[in-house]
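*Asks:* Protein chains in written order, with the working numbering: chain C, 539 to 849; chain Y, 153 to 389.
Treat the hints with care, since some could be wrong.
Here are the simulated distance ranges between beta carbons [unchecked claim]:
{"id": "1", "chain 1": "Y", "residue 1": "Leu210", "chain 2": "C", "residue 2": "Gly669", "range": "50 to 60 Å"}
{"id": "2", "chain 1": "C", "residue 1": "Gln662", "chain 2": "Y", "residue 2": "Leu326", "range": "55 to 65 Å"}
{"id": "3", "chain 1": "C", "residue 1": "Gln662", "chain 2": "Y", "residue 2": "Ala175", "range": "55 to 65 Å"}
Computed, partial: chain Y to chain C, Cβ under 10 Å [unchecked claim]:
{"id": "4", "residue": "Phe158"}
{"id": "5", "residue": "Leu161"}
{"id": "6", "residue": "Lys162"}
{"id": "7", "residue": "Ser163"}
{"id": "8", "residue": "Met191"}
{"id": "9", "residue": "Ser195"}
{"id": "10", "residue": "Asp196"}
{"id": "11", "residue": "Pro199"}
{"id": "12", "residue": "Ser202"}
{"id": "13", "residue": "Leu226"}
{"id": "14", "residue": "Gly234"}
{"id": "15", "residue": "Ala329"}
{"id": "16", "residue": "Arg385"}
Think of the hints as simulated: they come from the structure by calculation, not from any bench.
Where is the CB? At the ideal position from N, CA and C, for every residue including glycine.
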Amino acid sequence: MISMEKASRRYGQFEAVRDISFTARAGEVVGLLGQNGAGKTTIMNMLVGVLTPTQGRVLVDGQDMALHPLQARRALGYLPEIPPLYPEMTTQEFLVFCCQIKQVHRGDIARHVEELMTLADVHQVRHQLIGRLSRGYRQRVGLAQALCGDPAVLLLDEPTAGFDPMQAVIFRKLIRKLASGRVIIFSSHLLSEVQSVCDRALIIHQGELKLDHSLRQDTQDGHFRVRLRGSSPRVLAQIRQLDSVRRVRQVEGPHTQDLNLLVEASTDGSFQTQLFTLLSGLNAPLMELSPLSDSLEALFLRVTAQETQSA
Amino acid sequence: MRAIYFKELKSYFYTFTGWLFTAVFLALASLIFYLNNIMPRSSDIAPFYSMMSYVWMLLTPMLVMRLMAGEKRLNTDSLLRGAPLPLPALVAGKFFAACTVLLMAILISLVYPLMLSAYGRVYPAEVLTATLGFFLQGCAFIALDMMVTTNLGSTVSAAALSFGVNLFIWLTSLLSAGPGVPPLLAGMVSRVSLYQRLMPYLSAQFSLANTLFYLLFCLGMLSLSVLMAHLARTRRT
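Work out the full structure: start from the sequences and follow the hints.
*Replies:* What follows is the structure, given as C-alpha cells:
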C-alpha cells in the first residue's frame, strides 16, 4: 500500500503541488493524469523519496518515507521518464548491479536476474551494452530494474514513451499482469492508455488533485443503460418493482421505437439476472444492456477546462 | 557500498576516464622523474614526489567529475536515490573507487624508484613513506573535489569547479609562505594546507598527526558531501 497525506511541495515561492492525498492498495493500477507541468513528476519524486514534501507525508507499506526512507524504499520500484541506465554496462551487468543495491540476497541474484530478463523480454540483449540498445529496449531494461527485488509498489513515469504501438500493447498487458499483488502507479498523458490499463485515475491540475475517479466505477456504481424493443409501460412498471432496482428513469434515445431507460441498480449481478428472467417471461426483446460510462477524456477536459476558465 | 564501489571501479575502465587518468599521470610522472632524477643523475626520490604533489591539482578533477555530476547527467541519481542505499554508503563507495584508481596509478609509478635502485641507493622506507603521504594527499583532494561537486549536474562544470578549488588551495598555500603575510595567518594556513602536510613524509618521517589530519580531512569533506546531497533532496528546486 502507498499513500500520500496532504503532501505539498514548494520550490521557493512556487507551490508545485498542493495538499495531495490518496491511497492505493495492492492489486490496483492507478493512473496519474495531468497536463505538462501539472505536478505529476513532482508527485512521483515525492513518492519515491527523491524529493521530500514541504508539508504532509508519504507512507509506503506503513513506513513514513521521511522517517524511515530505507525501509520504505525497499518496497518501491521506480521507472522514471528517462530510464536510469549506465550506457557502459551490459544489460545483465546492470540488472545484477540493481539487484545488489536493492539488497536482493546474494544467492538469489542470478535467478532473479533471469526472471527479470524473461519478464521484460530482454534476454536477447543480455550481453549488449546498454548504450547501443534501441529506445524500446532501454525502456524495457528500465522496467526490469524497477522490478528488481520484487517491489510491492511500482512507480512508472510515462513508461510507454519510446515504444512502438505493438510494444505499447504488450507493455500494457504486462502492467496488468504485474498488478496482481502489488500497487502500480502509472503516470501518463495518454488518456486512452490510462483508461485501458488503470483501475483508477487521479487527475492532477495546477498542482492539485482535482479528481480521484474509479475507472471501474461504471459497474460499481450500478448505472446501466437499458433499451427494450417496443415495450409497454407495463414492462417499465415491472422493472421498477425488481428487488435489485433502486431507480429507473426513462430517457430519449436514438432509437425512437424503443424504450430507453437509465437504471440505477445493485452491482452484484442480481439486476442482470432478474431483468433477463422478467423480460423473457414478458416476451420483451432486450436490445441493449450496458454500464454507463463517462469517458475519461470528457472528465479530464471538464476538470482542466473548468479550472482554466476560472483562472 | 560494495556494489557502488565495484560499479564505479569498473566504470572507470569501461569508459576512457580511468585510462586517461592513468596515462596522463604516468606521462607527467615520467617527465618529472626525468627532470628530477635522470637528468641530474640523482637517486633522491623526495623532489620527485614533491613536484608530483602538484599533479593532483590537475588530475583529481578528472576522477571526480563523473562521480556525482555524471549520475545526474544520466538520470541514474534517481536509481541510486530510489534504492534502499544510505547516502553515506553511496558517497563512500564512490570515494573509495576513485582512491583505488589513484592508488593503482601510484603503484605503477613505483617502477621509477625500482629503476633508481638498479643504478643507485634507494631507501625503501623513504620511498614507502613518501608514497603514503602522496597517496593520502591525493585522497584528500578527491574528497575535497567530491564535496564541491556533490550537487552539480554537468561533468564539465564539475571538472572546472574542482580545478578552481584545487588551484585556490595551491595559491593559498603558496601566498601564505610569501613576504608580508602576518605570521599568525601564515601559521594557520600552513596547519591546514594539503601541501604543507606532505612535507614530513617527503623527509621520510612517518607522521601520525599528518596521517590523522588527512584522514579526518577526508572524513569531514565526505560528511559535508553527504549533508549537501541530503539538503539537495529536501530543498531541490
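*Asks:* Could you run down the list of hints and mark each one as holding or not?
*Replies:* Each hint, compared with the structure:
{"no.": "1", "hint": "Leu210(Y) - Gly669(C): 50 to 60 Å", "verdict": "violated, 28 Å"}
{"no.": "2", "hint": "Gln662(C) - Leu326(Y): 55 to 65 Å", "verdict": "holds, 59 Å"}
{"no.": "3", "hint": "Gln662(C) - Ala175(Y): 55 to 65 Å", "verdict": "violated, 36 Å"}
{"no.": "4", "hint": "Phe158", "verdict": "holds, 8 Å"}
{"no.": "5", "hint": "Leu161", "verdict": "violated, 12 Å"}
{"no.": "6", "hint": "Lys162", "verdict": "holds, 8 Å"}
{"no.": "7", "hint": "Ser163", "verdict": "holds, 6 Å"}
{"no.": "8", "hint": "Met191", "verdict": "violated, 41 Å"}
{"no.": "9", "hint": "Ser195", "verdict": "violated, 42 Å"}
{"no.": "10", "hint": "Asp196", "verdict": "violated, 42 Å"}
{"no.": "11", "hint": "Pro199", "verdict": "violated, 39 Å"}
{"no.": "12", "hint": "Ser202", "verdict": "violated, 36 Å"}
{"no.": "13", "hint": "Leu226", "verdict": "holds, 7 Å"}
{"no.": "14", "hint": "Gly234", "verdict": "holds, 4 Å"}
{"no.": "15", "hint": "Ala329", "verdict": "violated, 43 Å"}
{"no.": "16", "hint": "Arg385", "verdict": "holds, 6 Å"}
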